[in-house]
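Same order as they appear, the protein sequences are chains A and B. Residue 102 in this note's numbering sits at position 79 of the first sequence, with consecutive numbering throughout. Residue 177 in this note's numbering sits at position 176 of the second sequence, with consecutive numbering throughout.
Derived from the structure by calculation, the hints contain no laboratory data. One should not assume that every hint holds.
To be verified - Restraint ranges, calculated between C-beta atoms of paired labels, are given here: (1) A:His165 - B:Leu298: 38 to 46 Å; (2) A:Val92 - B:Ser164: 33 to 41 Å; (3) A:Pro282 - B:Val154: 49 to 57 Å; (4) B:Leu18 - A:Ala147: 58 to 66 Å; (5) B:Ala127 - A:Glu252: 55 to 63 Å; (6) B:Leu267 - A:Ala141: 48 to 56 Å; (7) B:Leu18 - A:Ala141: 49 to 57 Å; (8) A:Tyr38 - B:Arg273: 53 to 61 Å; (9) B:Asn80 - A:Thr161: 38 to 46 Å.
Backbone N, C-alpha and C fix where the C-beta goes; we use that ideal spot for every residue, glycine too.
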Amino acid sequence: MSRFSIEAQEVACSYPGGPEILAGFNLALDEGEFAAIIGPNGAGKSTVFRVLSGYLRPSRGTVLVGGAVVARLSPAARAALLAVVPQGVFTPMPYSVRELVEMGRIARLPRFAPPGPADRAAVARALAEMDVARYADTPFNHLSGGEKQRVMVAMALAQEPRVLLLDEPTSQLDIGHAAHLMELLETLNRAAGLTILLITHDIQLAARNCRRLILMGQGRILADGAPAETLTAERVEAAYRWPALVHPAPDGGGPLVAPRRRPADAQGRQGQGRE
Amino acid sequence: MIGWLRRHPLLLALAALPLAAAACLCVGSVPVRPWAALAGDDPAARAILLLRALRLAAALVVGGALATAGAAYQAVLRNPLAGPYVLGISGGAGLGVAVALHFRLYELTPFALPAAGFAGAVAVLAAVLLMARGAGAEYTHNVMLSGVIVGTVCSSALMFLISVMNLQTMHNVTWWMLGNLQPADTGFLRTAALVTLAGAAVLWAFGREANALSLGEEMAYYLGLPPKRAALILLGVASLLTATAVALGGIIGFVGLVAPHVLRRLFGADHRTLFPLALLWGGIFLALCDAVARSALGAQEIPAGVVTAFVGGPFFLWLLNRRRREG
């Protein structure tokens with residue numbers, strides 16, 4: 024099997040009537056990587072996802088998924104290569120967890136066929152991998168935020184994709200649920216070789232679990248490399264416009280990052296902006 | 002037993018259908034025993050039975066079409082308040098009929114009123130889809146907004162026509178809109194039944210698309226669908242079903258809004274099961290309501306839409322509260 028990759032080449036992109044969010048944007052993700060895009064609000068992180076998944080057509084440049092231009096893939100072929108867990112999916116319908124995860128199979132099922140053994144196996148595996156098998160027959164809306172998020176990831180896993188994109192998967196989760204999810208993702212990445220790219224505001228968690236961090240600001244990549252390389256106090260401060268503490272972790276994982284408390288006389292000027 | 006029925010909801014619906022049909026044939030302003038009328042020679046009893054059977058068939062078609070369409074609208078527009086009339090179909094149909102009545106088109110053919118209602122509904126649908134065509138990512142959102150706007154404009158035009166009409170025409174328009182399930186023409190009933198069955202079959206075939214779209218267009222895209230095309234097919238077919246129902250029975254409220262909610266709560270939300278269930282139970286519900294409508298006050302008929310709201314409303318509230326206490 025040839026090595027699979029996803030690649031944005033010289034991509035420019037804007038929303039109708041708006042300024043360019045991305046310009047001359049390049050990013051390549053190799054098979055088996057576990058990477059995170061971090062960066063301040065409005066840096067263009069979500070736009071990168073929409074472009075990589077083909078949901079948003081770039082005005083210039085191309086996106087290649089497994090060597091094929093994403094816009095030319097059939098919807099079903101695209102969904103078999105690439106799964107996305109967007110932020111805050113909502114439905115008014117009282118689906119059970121199993122019904123939701125089965126929706127991950129839509130692109131693989133012939134229109135009139137019921138789910139077969141392979142589909143049921145994929146759904147069961149996805150439920151187990153995300154540690155939600157015991158909720159299979161529970162209504163989705165009865166679950167807590169952490170469980171819901173794992174179900175959404177399970178739905179994406181049921182697609183049996185080669186690459187998984189997650190948009191702020193831990194933003195609604197407490198520290199325990201967030202660490203649990205990241206550990207499950209790390210296991211998937213190591214055991215099954217699934218390529219994973221996530222967007223997050225949780226620098227800490229990304230630094231400890233991902234092997235590659237991509238720091239974005241104002242539509243471009245500011246730094247790209249192993250967590251310890253990407254995360255320096257100067258870079259974090261420049262990107263987020265806030266002084267940061269970056270410290271090596273005592274257990275040898277990725278560095279610990281925290282916002283620095285500013286001296287009392289500087290705090291008084293906070294209301295006048297961060298500049 | 003209850004668990005088994007929940008797992009096989011279609012069997013339950015298929016078993017309930019003949020029972021409900023038999024009950025509907027028995028009641029009315031004049032009591033008739035269906036089996037006695039069929040066996041006996043009384044031509045009056047036979048004639049009454051035939052009228053009731055036609056009316057029963059119309060109620061099954063109209064109720065089934067409205068409930069199935071309502072389920073599709075609620076899924077694609079992701080709005081629990083969406084019903085068959087959300088895209089302005091009722092306004093368009095009413096306007097079509099008012100125009101037909103105003104120009105006395107019914108003198109040409111008995112087919113004129115339902116045809117005019119259908120034409121009005123389809124014209125509104127075309128206008129709505131055309132208005133929303135340019136919308137990119139938020140397609141369904143735009144369809145709904147356009148539908149509400151076109152529907153409001155149609156209703157205003159209808160109000161204008163009613164205000165300048167003579168009293169008799171106004172009365173006719175009002176009565177048509179209140180709905181009457183006694184089909185004037187068996188040929189039209191047959192066509193409407195075929196359209197309804199075909200439309201429900203298409204919706205069933207696109208049941209998985211409805212499931213995915215109920216998570217939003219973006220999620221449907223990620224799951225591997227062309228979301229806009231799937232939404233267009235589902236909304237278009239649901240609107241054709243609604244237009245057919247309105248042309249056959251007038252504007253009957255409540256079935257299309259509430260039946261899908263009740264069925265989802267009882268049997269789950271997967272649209273591959275929901276669409277056939279809505280077709281059957283929507284029809285049964287409207288047939289039973291119509292039986293009440295034509296027998297409750299003796300010879301004086303109540304519009305079927307009034308009964309659907311009186312019966313369906315409290316039942317739905319009971320179900321909603323029961324579930325809330327459980328969960």
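Taking the hints in turn, this is what the structure says about them:
{"no.": "1", "hint": "A:His165 - B:Leu298: 38 to 46 Å", "result": "holds, 45 Å"}
{"no.": "2", "hint": "A:Val92 - B:Ser164: 33 to 41 Å", "result": "violated, 59 Å"}
{"no.": "3", "hint": "A:Pro282 - B:Val154: 49 to 57 Å", "result": "holds, 54 Å"}
{"no.": "4", "hint": "B:Leu18 - A:Ala147: 58 to 66 Å", "result": "violated, 36 Å"}
{"no.": "5", "hint": "B:Ala127 - A:Glu252: 55 to 63 Å", "result": "holds, 59 Å"}
{"no.": "6", "hint": "B:Leu267 - A:Ala141: 48 to 56 Å", "result": "violated, 31 Å"}
{"no.": "7", "hint": "B:Leu18 - A:Ala141: 49 to 57 Å", "result": "violated, 36 Å"}
{"no.": "8", "hint": "A:Tyr38 - B:Arg273: 53 to 61 Å", "result": "violated, 35 Å"}
{"no.": "9", "hint": "B:Asn80 - A:Thr161: 38 to 46 Å", "result": "violated, 24 Å"}
Hint check: violations occur at hints 2, 4, 6, 7, 8, 9; the rest are consistent with the structure.
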